[in-house]
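Using the sequences and the accompanying hints, generate a full structural model.
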Amino acid sequence: MSSATTPPDSDPTGRRRVHSMLKLYYGLNEEGTAAEQAESLDPCDINGPHFDPEVYLNKLRKECSLGELMDHESCMVKQIRSLDSDMQTLVYENYNKFISATDTIRKMKNDFKKMEDEMDCLSANMAAITEFSARISGTLQDQHAQITKLSGVHTLLRKLQFLFELPARLNKCLELQAYAQAVSAHRRARCVLQQYSHMPSFRGIQDDCHVIMEQLAQQLRQKFRDGGSSAKDLSECVELLLQLDEPAEELCDKFLSHAQSRLEADLQGLEVELKDSAVTDTGGGSVQKTSPGSNPVSPSSSSVINPFLSPTAGTDILEFIDRGCNEFVSSLCLVIASYQELFINRPQEGELASKNIPEMANGKLHVFVDTLAARYFSLVEQRIQEEKGVGDNSLLVRALDRFHRRLQAITKLLPGSAVPSHGTEIVVRAARERIKQYLSALQTFYHDSLTDVRQALAAPRLAVGGASTSGGGVTSKDATPSLPELLTSLSNFILNQLKSVLASVHLFTAKDITFSNKPYFKGEFCSQGVREGLVVSFIKFICQSSRQYCESAGDRGGSTPPALLLLLSRLCLDYETSTISYILTLTDEQFLVQHHTPVTPVTALCAEAREAAQKLLNHYVKVQGLIISQMLRKSVETRDWVNTIEPRNVRAVMKRVVEDTTSIDVQVGLLYEEGVRKAHSSDSSKRTFSVYSSSRQQIRYAPSYTPSAPMDTNLLSNIHKLFSERIDIFSPVEFNKVSVLTGIIKISLKTFLECVRLRTFGRYGLQQIQVDCHYLQMYLWRFVSDENLVHFLLDEIVGSAAHRCLDPSPMEQSVIEVICERG
Amino acid sequence: MEDDAPVIYGLEFQARALTAQTAETDAIRFLVGTQSLKFDNQIHIIDFDDENNMINKSVLLHDAGEIWHISGSPAEKAVLTTCYSKTSESRVLTCAAVWRMPPEWESGSHESPDDSSNNPQTLELLCHLDNTTHGSVACVLWEPMGDGKRVISLAENHVLLWDLQESSTKATISSSATLEGKGQLKFTAGKWSPHHNSTQLATANDTAIRGWDLRSMSQIYCIESAHGQLVRDLDFNPNKQYYLASCGDDCKVKFWDVRHINEPVKCLEEHSHWVWSVRYNHSHDQLLLTGSSDSRVILSNMVSISSEPFGHLVDDDELSDNEESQQEDKGKEPLQDSIIATYEEHEDSVYAVEWSAADPWLFASLSYDGRLVINRVPRALKYRILL
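Protein sequences, first through last, are from chains A and B.
Going by the working numbering, the first residue of the first sequence is number 3, and it counts up by one from there.
Going by the working numbering, the first residue of the second sequence is number 43, and it counts up by one from there.
Source of the hints: derived by calculation from the structure; they are not laboratory data.
Beta carbons are placed, not taken as given, at the ideal position from N, Cα and C, and that holds for glycine.
Hints are not guaranteed to be accurate.
As the list claims (entries may be wrong) - Not the full set, but computed from the structure, chain B residues with beta-carbon under 8 Å of chain A: (1) L79; (2) S127; (3) H315; (4) W316; (5) D336; (6) S391; (7) Y410.
Stated by the list, open to error - List time: in silico DSSO-like cross-link candidates among lysine-lysine, alpha-carbon distance up to 27 Å: (8) A:K161 with A:K174; (9) B:K282 with B:K191; (10) A:K174 with A:K225; (11) A:K542 with B:K308; (12) B:K128 with A:K636; (13) B:K228 with A:K636.
Quick look at the structure:
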């Protein structure tokens, strides 16, 4: 009964089939082969569990032939046989295995029994060991505790020894000046000592230590205070002191006060120097240190102290500032640096960090620096103020530069400090002050120059400006300079002085000066300071002082020499025409004045100068006119015109008038142009006059002397006046010689007229007036712009004299001419 | 009404002396004294008819000599003083006398000018202010607002105070003072102060101005060098007792506070020649008149140193009541010190200017050629001052 499809090959699959079939057989696999069972529900499957031999046989018998049945029967037998053999093999195999297993189990039973005995023995042994061990440790316990205790005592003893030795050690450190060691040692012991301070012995140690440390601190402080120590030492000192719980604030204060004392010594040195120089300054022993070559010399060798020759005494300002910088500023910088090193920039560790030292220290430093710098600044300012002499500006500028430059160091060290800006302010102030000084120096110079000019004018003039002296200039004493020379030299002196001042001031803005790029020096200094404050002010001052000459002299009767007035007038006029614009252009170029702020325009200055010139010239005319007027007036008022004798001569005063007029003419001609005059009726004064007088004589005088017609003179004179222009006596004049002379002559003759009208004349009095007037006519016509003016005024004089005459019998014209020609 | 044109009156002779008739407060009347060496001198009485803008004149003979100064009594219309020069034995002396105008002159004033000149009446001499011992008299001053009994004459360097008695027919010197000093001192001008109960006098000699106390006849102040040149005239501010104006040959007019004599309060320099005369307006002391030998008369408005409140505000209500509305605009801005007008009607030196005693807005000026010009304060200014 085997399946026909599967041959019973001895391959692995075949064998497994065998196994599974065996299992099946034995019913081992009731659940594992369920699927197969489902498949082989067929009762005809010989290998299936539902095999029904009856069904199978029936089927076979129904379907197969005999041969086939035969074959099938033999195959079946074959398969049964192989199956039987397989079964036999299996049974055999398994029997052998069972036998050996039984043997093994039997052997194991024996072995375990032996092992059990051994295990019992072991446990007994172990119990013995345990017991022993316990006994040993029990005996050793005591000793171990003792050893531990001993070692603890040992360490404690070591510590105690350290403590007991501490004072000695500290002392030694102190002796050796090993402060750092001492401090660290003390720090280690401090806590313990603190803790056990209730025990007398420790208390003793602590006290000792305290004393020593106190001593040490004292020494440190001493060292700190001594200051001789180097910065490193100091810093160490401070560090140690800080570690010794010295309050930082106090340290700062101490440090600063210590530094202050040193700096103050510097300052005192400066102060002393300042005082010394002040003393020598007032002492008057002005030692010329700077070379005067750069300064223009005074216009004359007069005793006037020229402010431009600086009276430097004691140390000069550069030295002073140098000293200040080197001593004070540099040590201040050092102090700041080391202070910062010590208190501000140090790494913060531990408890010190919490105390906010840098902030406090910084505040203190600022206050410290500010106070000291303030004192320094005040000294510097005092010194600068003493720098009155305006000679060598470069010294001051260099000093200021150095001053300013050195302060920059402080800026770097102490960024927030106000000191450098204060310094800059000082520089600015100094510059301003300087400009003021220069202005006043210029003004003094101007006054001195004028004084010199006055002296030159007052010096006896042999030739009234006529012969020009050799070009010796003002400085040569032997030759008296003429007016034009005086004018040019004066004007040149002023201009040169101004230029040199400008050059001096220009130093302030030089490129290599540190403060020159400050906004003040770029803008305001140039425009407001130099241009307005110096140049414009000076020009205005010239005009102003010129005007003052007019006003003050007016009432006091001409204390100013007229020639000076004339000179100044010309000077102002020159300024108006050229000098002002020249000076201002020069200034603008030199200082690159940027006109941010409104500045005085050139035209305004020119107008002012012109006004001054006009005023001066008017005043000159007035003064000269008054001088001549005064002569004429005295001559008319003091004479008894009723009882005078017959005229034989021209009165001396008339000659004097003509002389003076001539000299005025020459004087004015030296400085002013001729000017335009109206065309002369003739080139000969003689003929003009004779024609005039003879023709007038008939018309004017003849009728007026007849008592019957008193109206005629009035009528004629009125008619004449009707057609002639009104004469303004004290009227402004033009800038030329003729106009000036006309003004003077007008004033003189008008005075003459008014004086004549107040007098009463006798016959000869009238005749004398006739002679005088004729004489004046002969000489004065040539000076004036319109000779008719002279004619008219003289006519009026003679006419008025005739009116005021008790016995009007005029002199013969020919006789008058003869007298006049005779002299 | 536009401003009236000036009224001009011509005298035949040259003239320096001009005065308003001080005692006359109704008619506008000026007295002019002539200067002539050859003819009989006259006093012209100029009556100005304001309504018709006309001049009536009458002439009185003054045969004593040419008149240098004339002054009317403040109490009696008909009484006046003159300073005149008298020539005797080739010596010229200026004398002073008190005169009375003949009572008939007013009736004669209506005659035609020709008649009156042909037949002029003569002044009645009341008395001489005898000066033979003191020299030439520069001027005679009546006591301001007095009873016409006291006059002062300035003779050379003497101040003489006279009492006029017996209807001014007798003059006696009640007190005198003499200015002593170097050189020949001579008073040129003087003014009797209307203030302080008429006890003060100011005189000018050369460049100095001096104040005198008439009770003690002693000098109370002296402004040395008040002017650069000769001082020609003085006048007191009628309303401010310490204020004084002076003028002189330096072409200036100066105002002084006699309590502070070092500096003038103010100084005007408008004339181009000597200033011969200065006069405050009697009522409105900001108005000042000056006459000069540059032939000009200048009327100035010196508000800042007047008794008028300076820069006072004009009340708007009052102005709106005013009919002349165009005045309103001008009235708002306060008046400044200024020249109001320069009068150029003269062609010769003006030696005298005088305000009318009757009409405060009217004044006369006299130039050497005998021309008298009567002018008024510009109407616009008048209204501004009044309103």
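Each hint, compared with the structure:
1. L79: holds (6 Å)
2. S127: holds (7 Å)
3. H315: holds (4 Å)
4. W316: holds (7 Å)
5. D336: The hint holds - B:D336 has a Cβ within 8 Å of chain A, the shortest such distance being about 6 Å.
6. S391: holds (7 Å)
7. Y410: Status holds, d = 7 Å.
8. A:K161 with A:K174: At roughly 19 Å apart (the allowed maximum being 27 Å), A:K174 and A:K161 satisfy the hint.
9. B:K282 with B:K191: Given that 27 Å is the threshold and the Cα spacing comes to 25 Å, the pair holds.
10. A:K174 with A:K225: holds (18 Å)
11. A:K542 with B:K308: holds (26 Å)
12. B:K128 with A:K636: holds (23 Å)
13. B:K228 with A:K636: holds (14 Å)
Checked against the numbered hints given earlier, the structure satisfies every one of them.
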